[in-house]
Structure formats: C-alpha cells, structure tokens
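> The chain contents come next:
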Amino acid sequence: MNDLRPLETELLAAVANATDEPALEAVRVAALGRNGSISALLKTLGTMSAEARKEQGPRINGLKDRVTAAIAARRDALKELALDQRLNTETLDVTLPVPEPPAEVGRVHPISQVVDELTAIFADMGFAVAEGPDIETDDYNFTKLNFAEGHPARDMHDTFYFNPKPDGSRLLLRTHTSPVQIRTMLAQKPPIRVIIPGRTYRSDSDQTHTPMFHQVEGLVIDKSSHLGHLKWILQEFCKAFFEVDQVKMRFRPSFFPFTEPSLEVDIQCRRDKGETRFGEGDDWMEILGCGMVHPNVLRNCGLDPDEYQGFAWGLGIDRIAMLKYGMPDLRPFFEADVRWLSHYGFRPLDFPTLAGGLSG
Amino acid sequence: MKLTLAWLKEHLDTEAPLAAIVDRLTMIGLEVENVADRGKMLAPFTIARVISAEQHPNADRLRVCMVDTGAGDPVQVVCGAPNARAGMKGVFVPPGAFIPGKNMTLGIGKIRGVESRGMLVSEFELQISDDHEGIIDLPQDAPVGANYAAWVGLDDPVIEINLTPNRADCAGVSGIARDLAAAEMGKLRDRSVQPVKGDFPCPVKVTLDFGPTPSLCPAFALRLIRGVRNGPSPTWLQQRLSAIGLRPINALVDITNFITYDRGRPLHVFDAAKVHGNLTVRRARDGETLVALDGKRYSLDPSMCVIADESGVESLAGIMGGESTGCSEATTDVLIESALWDPVNIAQTGRKLGVQSDARYRFERGVDPAFMLPGLELATAMVLELCGGKPSEVTVAGTPEVPARMIDFPLDELPRLTGLQVDRREIERVLGRLGFAISDAGKHLKVTVPSWRADVEGKADLAEEIVRILGVDRVPATPFDRGEAPRKPVLTPIQLRTRKAKRALAARGMLEAVTWSFLAKRQAELFGGGEPELALANPIASDLSDMRPSLIPGLVAAAQNNADHGIANVSLFEIGQVFRGDRPQDQLTAASGVRRGLAKATGIGRHWSAPASEVDAFDAKADAIAVLAAAGAPVAALQVLPGGPSWFHPGRSGTIQIGPQTVLGHFGELHPRALEALDAEGPLVAFEVMLEKIPEPKAKATRARPALELSLFQPVERDFAFVVDRAVNAADVLRAAQSADRKLITNVAVFDVYEGVGIEPGKKSIAISVTLQPREKTLTDAEIDAVAGKIVAEVGKRTRGALRG
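So the protein lines, in turn, are chains A and B. If you number the first sequence the way numbering that gives the first Met the number 0 does, the last residue is 359 and the count never jumps. If you number the second sequence the way numbering that gives the first Met the number 0 does, the last residue is 804 and the count never jumps.
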C-alpha cells in the first residue's frame, strides 16, 4: 500500500498556503471534491479486499478528517483575517460634530418661563389663572376700579387710546391687568382665587420703560380673607419664586384707587455687581403693590362689601424676571436678538415645577 | 412734595433724628424719595480768613495763601482763584474732606513745588451753585472757624416725599407734621391763624357767574391791602423757598408760595393797580387767551374756569395767574385771592393746556375748604408784617362750607379687613390725632371726618388710617388655607395649548420672541389688518400705530434685524395675541414662526453631513403641524390645501384646515412683495396657526387608553410609482390609494417624487408605499394583487395617474 503521508503533507501545506477563500476552496475541491485526491483514495476502498479495507479504511478516513478539519480551521482563520482587513478599511472620523439637539438650541422666553413659574407656585396654593383682552373699556380699566373721572390717579397711567366711537366712548389698551379682576368678579361668584398674567401698555418709553410690558395680578375674594393672609401669601410667593429660605419684606402704606388699605411691598436685598440677592443685605427694593379690594370695586361688581372681602396684588413680570435672572435692561426683552434669547432664554425641557425646581 | 427738617419742626415739636423721621414718613405712607442732607455733606467746610496771599514762586496764576482757620496755626494753601486776596473771608476745607463738586477727597499736595494743606473753595465745588468764577467771598462779619453751611443756612436737610394722589392734606408741611404727630414722632404745634380785621370794605366786587352751567368755583375770597412796600423777602423766607427749589421773586409772591407749601393752601396775588374794575369768576369764552405767569400764551375754551376783570381774562383759575396783573416790586396795592375750585375741572384744564403748577397740584387733589379763609388771613398777616399796608375787609362769593362726613365704624371692621386686633383706646388715639372726631356708640364708633380729609369716605379708609399709623408690621402674617378644593388642573384649554405650543416649538430649535403688539399701519394692512378701530389715537411712534393682525411681520422684522447683525440663519417663534377687531372675542392667540436662511427644521446652518439647503415651505409646514399636534389638534384630520393669504407666495404656501369651516392656519414662503414691504430679505418661510381654532377634544370619563390591538399576521408592504400631471396633489394620490381598501390599508406614504429625465414634461412621478395589515389570516398573492389592482384603479380614476412603466 502506498504511503499517504506525502499526500497529507502536501494537502495540509496547500491548506495552510491558501490565502483566501477561493484558493482554499480549490484545495478542498482538489482533495475532497468528486475528483479530488482523497475522494479518489476513498473510491479505491470499494475495490479492496475486506482485509485491506479494514486496514486502509481508517487511514484514508483519518486523512480525510484531518484535511477537512484543517480546511475548516483555515476557513475560520481566513474569515477572521478578511473581517480584520475589512474592518481596517472601515474607519470614521468620529470627532466630526453631530448636529446640536434642537431641544438644546431652542429657547423659551424668560417671560413665558416666569409665567409658568408663577402658575406653579400659585396653582399649589389653589389659584386658577384668569385672562382678559388687551383692548379694554374705560369702564373696566378705570371707572369700575374706582378711578374717579378726572382724578389725578388717572394721570398715573399714561394710557393708549383708540379713536372715539360714534357714541363718544373710546376703547383703550389696558394699562394694568386689573380690569381682569372686574371681569372675573362679574363672571363668577366668590370664592375667587386667581392670578392674572398678561400684557399691559402705557405710552411711556425710555431706558427703564417700554410701551408694552407684562404684569401679573392676584385676586382673592371670599368672606374672611384679610391683610394678614395677603402678607403670608406674598411672603410664601417671594420665598418660592426667588428660591431662598428666608426673605424679609417691608409693607408700606400707599395708594391705589382700587384697594383700601393699599400697600407697597419692598424686599430686603443686597445689590452686588449688577446681581441682586434676596434674603440678605440692607437695601430695600420695591417689588409690588397690593391691598384689600376697595369696597367701591366690590360694589361695582355686584358684591356687598359688608359680606364679601378680599385682596389683590400686582407686580411686573418683566421686572421680577430681571431681578431673579439678572437681565440688566428691560428693552432687550422685546428686541428678539438671537444672542439675548439664547443667553437668557430657557431650554424647552426645563419646565418649572415645585417638585423639580422652578428655574430648571 | 418737598420740605426741610427745620420747616417741619415749625409745625412739629420733636427731638427725633432725621433718619427716624424719614423712616417713619415712609412707613406711614408718605414715601420719602430723597433726602438731601447738605449739612452733613458740608460739615468739614468752615469759614476762614486769608491772612496773606503771595505770588507762587513757580506759577503766574497761583498764589500761596496763609489762612486762619480759627483752629491753631495758620495753614498754607495754594490757590488759583483770581479773587484770592489778603484779608478776605472764604470757605476752607482741610485735607481728608470730600469735595462734592470735584467728586474727590482732598489730600495734602505739592502744587508746583509748594505744599498746600487745604483748599479755599468755590460755590461750584460745594455744589451749591454753578458759580466757579472764584472762591467764595464772604462778608467781613462772617465768624472765622464757624461751620459755613450752618452760618449761611444750608444745613437744613431737604426731604422729598413721593406724595400719593389721595393725600391732598400732606401737600403742606402742616399736614405732614400732623401725620407724624399721630405716629408718635412728636407733638403738633398750635399754628392756628388769627383773623386780621379789615379797615375798609374791599372795593373790588367778586361775582361767580356760571349761568346755567355747573359752577366750577364753590367759593372765592378776596381782600385788598393798600400801601404795601414790595421787595425781596427776608432771608429766612428766601432760604425756605430756595431749599425746596423755588426761586424767590418778591415778598408778595414768596408769601403765597410759602403758604402753598406750608399749609397746602394755594393763593394768588394781583397787582390791584393793574386790575380793571370788578372780578368775575366764569367759564372762559371761545377765542379768549391768557399770557400766564410762565410767559406762555394759552388758548382757552368754555370748559375752563377763569378770573376776569372788565378788560378780560386775568387768571387761569386755580392753576396760574396772568402775567399782566402779576405783582412786582412796584406793586403798592395788592389783591389776595383765596378760593376753592372744582378739582376735576382743574385736572382736566391742566391736562388740556399741558400746564403744571403748585396750585394745580393741590387743587386737583382737593384742598381743605375750611382753610380757605384762614389761608387768606395768614397771608394778610404775613403781608402786613413783611410789606406793611392797610387791609380791607374780606369779600366772599359762594360758600366754602362742606357738611362734615360721618362714618359708622364697627370695632370689628379693623380685624375683619386687616387681621389686626387692637385696643379701642389705641384706635381712638390714632384717629383723634389725625383730626377725626369720635363719639361712642357701643360696638361702633361714630367718626367725623376732618375737612382736610376728603379722601376718607368709608370704613375701609378708616381701617387704612389706623393700620397705616400703627404700622403694617403689626399685622400678623396668617397662613392662607387652600381649603378642600380638589387638586384639579387650573389652566384653561387655551392656556394649556399656549404653554405646550411654546415648548414644542422651542424643542424644534426655535427661539421664542416677544414682539410689540402694535406695528406700522402699512404693515398691518399688508397682513390683513389696519382697520380704523384698531388704530391707536395716540401711538408712541408711527411704526407702532396699529394693533397687529398677525405675528409674522414682527417676527420677520426681528429675523431681519438679527441678519443685519450678522446672524443670517434665524428661527424665531412667538405665541401671542393678534387682533381681528376691538371686541374681546376678536382677540385670538396665534402661534407663529419664521425661519430664515439655512435655519432648517433639521438643523441650523451648514453641516458637513449634508449639502447646505435653504429653508423651504416644508420647514414651515413641519413647524405648523408640530405646534398643532402639541396643542392637541387631531393631526390625522388635518387637510392641507395649496395656497394661502396674500402675504404668502401663491405657489409655495398652504392652508391647514379641518374642513372648509375650520381653517387653522397657513404656512409657506412669504410673498416677495410682502418681504420687500417689510424691508426684509429671504429666503424666509413662515407659519401662523390660531390656537383657538383647534377643536376641543371630547371630554373622557376616564384616563384609560383604548385596548391595544396587535395583529398576529405580518403586514405586507407594496410600492407603486404613478405618473401624474404636475398639478396633481400628492394628497389626492394618497387619498385615492387609501380608499382602495379602508380596512386592509393601514398606511400610505410618499417615498419619492421625481420630475425630469424619463418623465414626460408637465408630469411627475409619485412613488408611494402601501401597508396592508391582514387581521384574520395571511394574505395570498392573489389577494394582494387584487388590492394592488384596486389601488391602481382608484389612483387612475381620481388623479388620472398611470403606473410608471
């Protein structure tokens, strides 16, 4: 019987030398294919005597198994090699920047953010949000709020008017959010607990005044709410809004036609390099006006001032936004400068909540 | 309202320091706006004598002075003033002192080699006048070493109060003193006025003549003083007036100004020699004019009240006298007027004529009617004292009497309104000191309001008086119970839509702007507005004259503004009010946005990952759909039709609606003409949707979602490409395909649109993919082919589209 070893050596060498899949396949076909060298050997088994077959069978099959295993191992190795080679060519410059996430680029205006903050604080105290039209009647903006015709208190408001109607009446742009107090009291029975944010207008324009600005008003009407409750609400509000543990407030008597008694409220602060810190320092800063709703206003809304009582307060949204977030000037609020909006605006997902923090 | 501390002390006996008084004023509602304490500022400045003044060795214009400061050895001072000379008396300040006019602290210096240990100062350097010609040159009797400010009377602190319009009584020093006395800051001095007996009847008669019209003058008192010597008023009076910023004129005029501030009682003096005949108080006649004391000519009309003599109008009642009858140093006979005027009329006249005066300030707030005559008597006494003369009797037309107001004040009103519990004696003490008379009626006080407090009308006003004087600090902060009300959402649907819409647009990379609610009429008209009822009668500027019909012009202007600053790729949005008319229901909430340049919805500006492309109508469409979806609009029901309002590009804009009755908004490229009119350059796209137009979703009983149905069978997707006319809308192709089998077809999407080589001109290819979702069994090829055939047939029927070959 001829020696199989040279064939084995030759085949294993061919397997080892195959540098790619087709070459390996050629080796396999040459050895194990129909006309392959090992197949030819296997075919000889049929012609052998039982004895010779018994001897040669295991030898030839052993050769076949070893060569098959070698081919499989080589195939795996070549596959790995090919993958490595492919991967070597498949490179990216991953330092290339991806587009900025839109939700990180977009901004909500500070006024919107502050309105949402106010809503969160006051909703927690049981307040709803009321709104009203910008174009108002003289009656709602002044008369029903106890501004007497011709009284100098009307001069405190530089009012934008529309042209007179044929009947002599003329509409105006509301000078404060207070006409919504009237609308609310006329529309619903007490108890009333609302805040009223909105745009307001005065024909006044200089460094610190713009012809349009934003106010928020609060109104409580029931049968028992008094000045002490008002003080408490405003204290709680200031602490929550300015996100400080303590805030010292000073209530000064003042005058508004629609409240009696009327108060102005200062908060203690420290001014430092354009930043205002609350709850420390020894400056006072006026932030809001408030008072008990004037009996004439209650009467004008069909409420008996001996039965119903309550209070109202109002403050500038733009102003408290400036105080909290440190914008030095009011005018840029309305100039839509992309640089300002990007800097002072709020990311859309920074939604103010009491649980997660107001300023995001 | 301004006053000085010394002036206050003439009415208030107090030892309280300035700071305490100022603080208390603010805390009782008389807010101190400013305190100018010149005594404090000028404390280091003393009177000194120049012993010698020698020429400076190294400088022609300087002198070396030896100065006797009254304290120790003479001091060497180098001085450049032309009037510095030996023997003069001036004002000296040592090193270490702050020089207000130079805004610096003085040091010891060497000036051209000669040491200078102080400074002789000018009035300008003290900031007491603009005079910087030379150093202060004092009379020889000035006491060396004395404090200059005290000696000259400049050490009296000036207090400026921001007086609220209700407090007419505190437009005089006496009223402020009364409030302070009530607030325990001292004792009110008795400054009551004694009448002066007249020597002869007043020769000038006064008639109130308002005919059938309402009277504008309840009372008018007049008195003549003959033989006065008018001239400069005494130093104390001049100092009082100068300190509060009034220019001393002559004694007669200064007396009226003094009483205006001292008692809140404006008066007027006429030079009797210049008054012709008797006086009539009446409405002005059309065409009448008056040259007032401010030198300006005012045109009058019958809404205004005047004082006229036989030759015409001589004074604008309660506001300002006439120039021709004013008092000068030549005046020998003076008529003094003390009158009452209708406050509303004074305010209206003052506003109409644009004239402000100390008299108007007080009369429009309402002066004390009971002090009309005492005011005249006080003026008489002062004129007699300062100018001599013989007074006539007082002639009075009308009556100054006003019935006293009584208020029934239940003792529990104070705690009811303020939460403040105080002893009734405390209430009585406060009200008593403020001049209210109180009579007891058990649990009620009967309170009589003093004549000077017309602002106190009812119980709430009395509560304010008490809490104001006792201090709001005494009101305990009381926790406010939110009660049993359920914790329901408090926002209305439109409020919710607004807040969601804002965050949705910001999440698309847009910046929220807040722009003016008004714009130029031209722009309003261009965007469908400009109605006359939405034009302001008194706009602040011509480009802010009309209420905006749309947010787009403001946003376009803002985008252009940014572009002009070098930021060309801008995406802005605003959610705010637009105006369709002047009724409340005409005010709508628009959500609008603009994108400019390369500010695409997919990213702003150029990026390596894709070729740069300019914004197009589809960016605006995507924004519009996104904001509608966020605000709760039923997206599947939205229809988009080609075209929009006139300010959009006719072929590159669309209208979003839910049926023709419910138009939600528009999007697209702006019309080139609109851009041009706004002085803006494209590429620029915009959208505007109306949040109120979104239909209200039906209220649901529970929050549970409908059950999720998941099919067991795989969906099948088939692609089709149709060639249609260019004018055919993709939406029609989609709708046609969908209608082939509404149950089986769950989605139809456009994945390609092609025009060009291989497609006949005037046509386009629209490729769609259709998803079939079997529910009961897997579809056979025959079933799928049947549906595909129906799709082709439907599209062919409705759009005349044919499968692309």
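FYI, nobody ran anything at the bench for these hints, they're computed from the structure. We put the beta carbon where it would ideally sit given N, CA and C, even for glycine. There may be inaccurate statements among the hints.
Unchecked claim - List time: in silico DSS-like cross-link candidates among lysine-lysine, alpha-carbon distance up to 25 angstroms:
1) A:Lys222 to B:Lys520
2) B:Lys204 to B:Lys109
3) B:Lys789 to B:Lys742
4) B:Lys39 to B:Lys8
5) A:Lys222 to B:Lys442
6) A:Lys42 to A:Lys53
7) A:Lys188 to B:Lys487
8) B:Lys499 to A:Lys323
9) B:Lys442 to A:Lys164
10) B:Lys351 to A:Lys164
To be verified - Listed below are several chain B residues computed to face chain A (Cβ distance under 8 angstroms; list not exhaustive):
11) Glu30
12) Thr163
13) Gly418
14) Val471
15) Val474
16) Pro475
17) Val489
18) Leu490
19) Pro531
20) Ala534
21) Asn561
22) Gly602
23) Ile603
What the hints assert, rightly or not - Restraint-style ranges between C-beta atoms, simulated for each label pair:
24) B:Ala611 to A:Gln206: 55 to 61 angstroms
25) A:Gly167 to B:Pro202: 53 to 59 angstroms
26) A:Thr88 to B:Pro488: 55 to 61 angstroms
27) A:Glu148 to B:Lys699: 48 to 54 angstroms
28) A:Leu95 to B:Pro649: 47 to 53 angstroms
29) B:Glu680 to A:Gln206: 28 to 34 angstroms
30) B:Asn728 to A:Pro98: 30 to 36 angstroms
31) B:Pro488 to A:Val243: 27 to 33 angstroms
32) B:Asp678 to A:Leu95: 45 to 51 angstroms
33) B:Ala611 to A:Gly32: 57 to 63 angstroms
34) A:Asp157 to B:Thr491: 40 to 46 angstroms
35) A:His342 to B:Tyr753: 33 to 39 angstroms
36) B:Lys699 to A:Gly167: 48 to 54 angstroms
> Hint compliance check: list the failing hint numbers for this structure, sorted ascending.
Checked against the structure, the hints that fail are numbers 1, 2, 9, 24, 25, 28, 32, 34 and 35, while the rest are satisfied.
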